[in-house]
Amino acid sequence: MFFLQWWIAIWLSQRGILERSAHIAISGSSALLPVIKEELPRWEARHPEVRVSVTGGGSWAGLAAVSQGRADIGMSDIVPPEAMSRGMLGYPLGRLPVLFIGNRHIGVNQVSQPQLEQLLAGDIGNWRQVGGANAPVVVVSRPLSSGARFMTERRILKGRSVSPRAIIQLSNGALYKTVISTPGALGYVEWRPDLKGVVVMAVGSSRFDLRRGDRWPYYTEPTLYVRKSAPAIVKQLAADLSRSPAKAQFGLYPAQP
Amino acid sequence: MTVHQKNLRTERVQHGLFLAAAALLIAVGFAFWGTLGWGTLRFFLQHGLNRTILGLRYHPIQGEFGLLPFIAGSLSVTLIAVVLAYPLALSVAVTATMVLPHRWLPAIRQTVGSLAAIPSVIFGWWGLAMVVPLVRKLGGGTGFSVAAAGIVLAVMIVPTLSLLAIHAAMRVPERWVEGSLALGATPDQTLGRVVLQSIRAPLAEAGIVAVGRALGETMAVQMVIGGQTFFPHNVFAPGATLTSEILNDIGLLPPGAFGHHVLDVMALLLLLAMYGLVLLVERIGGREIG
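Just so you know, the protein sequences line up as chains A and B, in that order. Just so it is clear: in the first sequence, position 198 is 198 by the working numbering, and no numbers are missing. Just so it is clear: in the second sequence, position 208 is 208 by the working numbering, and no numbers are missing.
With the rest of the complex left out, here is chain A (with noise of 0.2 Å):
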């Protein structure tokens, strides 16, 4: 059923660049589905003449589509590769604060950046180590696709890879849902708007504030990728969707200068 899916998604992005893109297709990361779906309705009414459509899939496909021009605009969290990026233009959104939360049991509410790594990585087997309960530390992490995963092994782990004994989960709300309810679980998540029954993990001195989300240090920067070559119209809509101010409501924070 998926490739079935895929197929389809592929063929409709191809037939709307073969119709001089009075189609336009986006495809890519899903964390940026909701404030693209918010702001799409309102950008379509203003013009008419164009249809656009927005599939998921993940950044790299995104990424991948649009490079290979089976889409027109790639959202993706996750920085191309300078063989890639070389031929596009990037649209960026803002940060996405990505937080660092653990089962309500482990004691612990903040560690120093070294034990985080630590933790992250499975070297630190047990939350004692790191000063709170007598409970063994289960990662939860995202697929190797996910942009937060991509920014937490290059920001926490240097490059690491997370413990390859974590449990996977597919998507934000699916691995904070695992959080909540595993003794000793530590994850990472996407903003959401509620983190209710979860610690919010302070990392070193910096401590994770709603109202002041944009001092937060560890973030993905979704970004809108276009070919260089796309039409104006296109362009158009990437730049305008990254301007939207319904970014606000989904965590999206100005990058500071």
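Treat the hints with care, since some could be wrong.
Stated by the list, open to error - Computed, partial: chain B to chain A, Cβ under 8 Å: (1) Leu128; (2) Leu138; (3) Gly140; (4) Gly143; (5) Gln228; (6) Pro254.
These are calculated hints, taken from the structure and not from any lab test. Backbone N, C-alpha and C fix where the C-beta goes; we use that ideal spot for every residue, glycine too.
Chain A is fixed; fit chain B onto it per the hints.
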């Protein structure tokens, strides 16, 4: 144009439409086999046969494509699910058709049928909330495990399996049951030696359908199995199945990415397994009651 000629023309148009529909279906089927087969061929040409299907290590970014952990995951999850679900479904069928008054049967069938319509993602959330903590209590560890996936799947396939078993049991002629009882057999003997004996073939068929459903299930399994790419050495260890790993990696390995074709290999393995099951159903399904 006479009425007869008109009818003939309508018939020709109809014939053409039906032929086109059938041809389209066959073409789609061949396209699946073709695409997956071609992808698999390219995978083996690129990566060779060693360290692939029978390998134990899986890290597609580092070029390691061992699929044995997922094959073992798929097989054990399916086995657990069917072993748990089958006796339950059989009990439901026997209770509904032989024990309870006959006027309840339509209501039972409707209820079981509506259970069969619950989407699998709902079972996944339910598994996350109920089954994972239960398995954690029973087996220790995190609870995310092959056993949890097997239990969730078992609950998922019980309705389908019950429905098929009820239909099978309803096909047993009333006079056989009456005859058996009249000859002095107890109800238990009648159940074991007449009813169940005579519907062995449809029951086996139902079992194979259930195996197919369990083998192909993706979302509910992914949410409770833990998603680890290691070989699951016991049922309380986390693991992954062919389907759940395809779901995990489809975002990482888009078409054109290095290693993308390993997804084709996994999908082809599943397709082959399912096709084998279909052939099995056809062989058994040909037999009539008796």
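Cross-check of the supplied hints:
{"no.": "1", "hint": "Leu128", "verdict": "holds, 6 Å"}
{"no.": "2", "hint": "Leu138", "verdict": "violated, 15 Å"}
{"no.": "3", "hint": "Gly140", "verdict": "violated, 10 Å"}
{"no.": "4", "hint": "Gly143", "verdict": "holds, 7 Å"}
{"no.": "5", "hint": "Gln228", "verdict": "holds, 7 Å"}
{"no.": "6", "hint": "Pro254", "verdict": "holds, 4 Å"}
The structure fails hints 2 and 3 (numbered hints given earlier, in ascending order).
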